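Each protein sequence line maps, in turn, to chains F and H. Take the first sequence: its letters are residues 35 to 442, numbered as in our numbering. Take the second sequence: its letters are residues 35 to 442, numbered as in our numbering.
Source of the hints: derived by calculation from the structure; they are not laboratory data. Take the hints with a grain of salt, since some may be wrong.
[Stated by the list, open to error] Here are a few chain H residues that face chain F, going by a calculated C-beta distance under 10 Å:
no., residue
1, 277
2, 347
3, 361
4, 389
[Stated by the list, open to error] The list that follows gives simulated cross-link-like pairs (lysine-lysine, DSS-like), each with its CA atoms no further than 30 Å apart:
no., chain 1, residue 1, chain 2, residue 2
5, F, 65, F, 165
6, H, 249, H, 277
7, H, 405, F, 65
8, F, 405, H, 65
9, F, 91, F, 277
10, H, 277, H, 91
Note that this is a predicted model, so its numbers are computed, not measured. For glycine and all other residues, C-beta sits at the position ideal for the given N, C-alpha and C.
2 protein chains.
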Amino acid sequence: MTESTSPLALPFPAMPAIDGVALHVARAQYKTWDRCDLTFVTLEPGTVVAGVLTQSKCPSPEVEWCRAALTLGQARALVVNAGNSNAFTGSRGRAAVEAIAARTAAHLGCQPSDVFVSSTGVIGVPLPIDKAEAGLDAAFAAAPCGWEDAAATIMTTDTFTKGAVTTAVIGDRTVSLVGIIKGSGMIAPDMATMLGFIFTDAAVEPEFLQAALSKANAPSFSCITVDSDTSTSDTVLAFATGKAGNVQLADDDSVGADAFRAALADLCHQLAMLVVRDGEGAQKLIEIQVTGADSDRSAHRIAMSIANSPLVKTAIAGEDANWGRVVMAVGKAGEPADRDTLSIRFGNTQVAEGGLALSGYNEAPVAAHLKGNEIEIGVDLALGEGRATVWTCDLTHGYISINADYRS
Amino acid sequence: MTESTSPLALPFPAMPAIDGVALHVARAQYKTWDRCDLTFVTLEPGTVVAGVLTQSKCPSPEVEWCRAALTLGQARALVVNAGNSNAFTGSRGRAAVEAIAARTAAHLGCQPSDVFVSSTGVIGVPLPIDKAEAGLDAAFAAAPCGWEDAAATIMTTDTFTKGAVTTAVIGDRTVSLVGIIKGSGMIAPDMATMLGFIFTDAAVEPEFLQAALSKANAPSFSCITVDSDTSTSDTVLAFATGKAGNVQLADDDSVGADAFRAALADLCHQLAMLVVRDGEGAQKLIEIQVTGADSDRSAHRIAMSIANSPLVKTAIAGEDANWGRVVMAVGKAGEPADRDTLSIRFGNTQVAEGGLALSGYNEAPVAAHLKGNEIEIGVDLALGEGRATVWTCDLTHGYISINADYRS
Chain F
35 MTESTSPLAL
45 PFPAMPAIDG
55 VALHVARAQY
65 KTWDRCDLTF
75 VTLEPGTVVA
85 GVLTQSKCPS
95 PEVEWCRAAL
105 TLGQARALVV
115 NAGNSNAFTG
125 SRGRAAVEAI
135 AARTAAHLGC
145 QPSDVFVSST
155 GVIGVPLPID
165 KAEAGLDAAF
175 AAAPCGWEDA
185 AATIMTTDTF
195 TKGAVTTAVI
205 GDRTVSLVGI
215 IKGSGMIAPD
225 MATMLGFIFT
235 DAAVEPEFLQ
245 AALSKANAPS
255 FSCITVDSDT
265 STSDTVLAFA
275 TGKAGNVQLA
285 DDDSVGADAF
295 RAALADLCHQ
305 LAMLVVRDGE
315 GAQKLIEIQV
325 TGADSDRSAH
335 RIAMSIANSP
345 LVKTAIAGED
355 ANWGRVVMAV
365 GKAGEPADRD
375 TLSIRFGNTQ
385 VAEGGLALSG
395 YNEAPVAAHL
405 KGNEIEIGVD
415 LALGEGRATV
425 WTCDLTHGYI
435 SINADYRS
Chain H
35 MTESTSPLAL
45 PFPAMPAIDG
55 VALHVARAQY
65 KTWDRCDLTF
75 VTLEPGTVVA
85 GVLTQSKCPS
95 PEVEWCRAAL
105 TLGQARALVV
115 NAGNSNAFTG
125 SRGRAAVEAI
135 AARTAAHLGC
145 QPSDVFVSST
155 GVIGVPLPID
165 KAEAGLDAAF
175 AAAPCGWEDA
185 AATIMTTDTF
195 TKGAVTTAVI
205 GDRTVSLVGI
215 IKGSGMIAPD
225 MATMLGFIFT
235 DAAVEPEFLQ
245 AALSKANAPS
255 FSCITVDSDT
265 STSDTVLAFA
275 TGKAGNVQLA
285 DDDSVGADAF
295 RAALADLCHQ
305 LAMLVVRDGE
315 GAQKLIEIQV
325 TGADSDRSAH
335 RIAMSIANSP
345 LVKTAIAGED
355 ANWGRVVMAV
365 GKAGEPADRD
375 TLSIRFGNTQ
385 VAEGGLALSG
395 YNEAPVAAHL
405 KGNEIEIGVD
415 LALGEGRATV
425 WTCDLTHGYI
435 SINADYRS
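Here chain F stands alone, though its shape is the one from the complex (with noise of 0.2 Å):
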């Protein structure tokens, strides 16, 4: 996998060290690749955890493992393996989560539940425990590391490493929250980015923490698409050392709850364009958003059915203005629509309304817009007060030559 950089590539940001967290990288060799691929962050004892894991009826032995953990709320280590999902794998995929997560406890004198593991990659090849447990011994053995070289090791198909960073004042302390995450396929709605992982020095009680990143995946996460597919491993989760000494958050009354919140929300946000933004093939960042639908859920289905759609997604990737592709987006949906008060937008520029085309619209900055590559298209079905905003990538030549070709 040499593709080049995605042209909607942004820079990974200056990010601060957390209190509490120490990040290492290590060569597994999970793939004959000339690079780190096990990720290996230890966390101070009282951090707590929490996470938003794959809706699939399939999911990896590590989604199960973390899900399991995440009941506990506490964290002590997580180990990243790029490079194999060990997804559909069976007892021996369950057996290499089980010999991470005891290694690892045994080197930390913690428990097994303490550790958190995620893999990605190609699915149905069991992880080899043998190379795993080489390259955590390299890792335990390993000088600390930056950011950018953590999120550089969990990377697989994605072309820029990806990270974000923001801040939160609670009382009279500034907490830190940073995240790095990877895509780059296999990206759809319930949850949609592979793995993302959240750090924060903040105070925070392991209830309040997943309610808040269950809140801030709701219009993030899960609002991104690039091809429709769910994977068997999507993974965000989010740890908080304590380290910054505010008072604890416990639940809404607390003192900085409403800002700790809208931080981890704006870094969900961060963390979700990074992937749409990197998506196979990606050429162009497509945010769709639908007004006026019968309700909130209503629209985001539309939204997504337009997101989804193979015909919107190469209309865009060939910069044309065919809003009845949209039309027919929205028809298939299936949800309330009303053919003939629907009224679509490009950009800033009303293309249809009132169930036909505006005749005489000004198509230069509908091309204009077209030829940028950040693409926003409006919807307004003059229904009801229902809203959602999506966001997806154009469907191009990148993604059938990276997708046709990936395993063999």
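Could you slot chain H onto chain F? The hints should help.
Showing chain H alone in chain F's frame:
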């Protein structure tokens, strides 16, 4: 659109004339192209009609016209326009359909509601009434033509003409059933083709014809998908002239009812397969068989999830036995599935069983199967008795090329 012929093309069959049906084609010049684009079919008095139409919430005025006319159950003419779907064109689109029906009715001395109208092509451009009327006048004056000329005239991005034929014995008579159809993008569940027209000389009550067509539609047109995008114009109409002189089919107890239904189902299956064989960019026809599901409905949804997965379709394009993507598509369907009982085969070779890869399965027959152009994927869930079979094609660079530059 000068795409080369699909490698999955079949030759146009020898199709008999149907007594009571006369075909004519003409140039309405809906686009600037050197071909006929208006098809005019006359049907002798006494012809009955049935139809299945798109489930889109934003249908074309032609679909609405046909839906209303179908309630009367009789037909004297069919007019098909190619190059402009007339969908999402407001009152001007409705006026165009009314003008076509009125002019044809005046010519034949029948009611406008006896005239069925279908259009296919770009969405959002009102069908020009002057061109339609001039085209109709030319068609009224034209000498009758054969089935392949009509099949060619209804095409848009299709790369080959599509027709099918069968017969049924009803009492002492043999009746003929023929059909022509066109695809080839925007093909998806809920009445999957764009335009298909079936003609028979059988004598049949319209209610029986409708019931037989609806039943034949379920496992044929409703079980194919090219790109998951449902057209605003999907239409299949079946016309029966009654000229064969059989004792009229009226209900399930009529002599020959089973034979007629079986023949109609066979014809619909043939036509549906032709649409998939001409799916935009298709290089391979893919049959997906799901067994052991919780119910037939659940099996259908899982099969369609596989058939619509860009990652499955690109893997097949790359001749890659990437069954992990099949697992992913099962998992995202949201239907009951147990990862640990799932089995998958390509062709006749099991590649995964009981939740994990079959170690040491023979890759040679799988590789040979995937190099062919008719691919079979079998998924057994081992949960119940539900089963479904659906058909799709692979996703290739050809699809992107065709659709990233269609309208402009």
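Hints and how they fare:
1. 277: Cβ of residue 277 of chain H sits 38 Å from chain F, so the hint is violated.
2. 347: holds, 9 Å
3. 361: For residue 361 of chain H, the interface hint holds, since the closest Cβ of chain F sits about 5 Å away, which is under 10 Å.
4. 389: holds, 5 Å
5. F/65 / F/165: Within the cut-off at roughly 10 Å; holds.
6. H/249 / H/277: holds, 24 Å
7. H/405 / F/65: Answer holds: residue 405 of chain H to residue 65 of chain F is near 26 Å, not above 30 Å.
8. F/405 / H/65: holds, 26 Å
9. F/91 / F/277: violated, 37 Å
10. H/277 / H/91: Violated, at roughly 37 Å.
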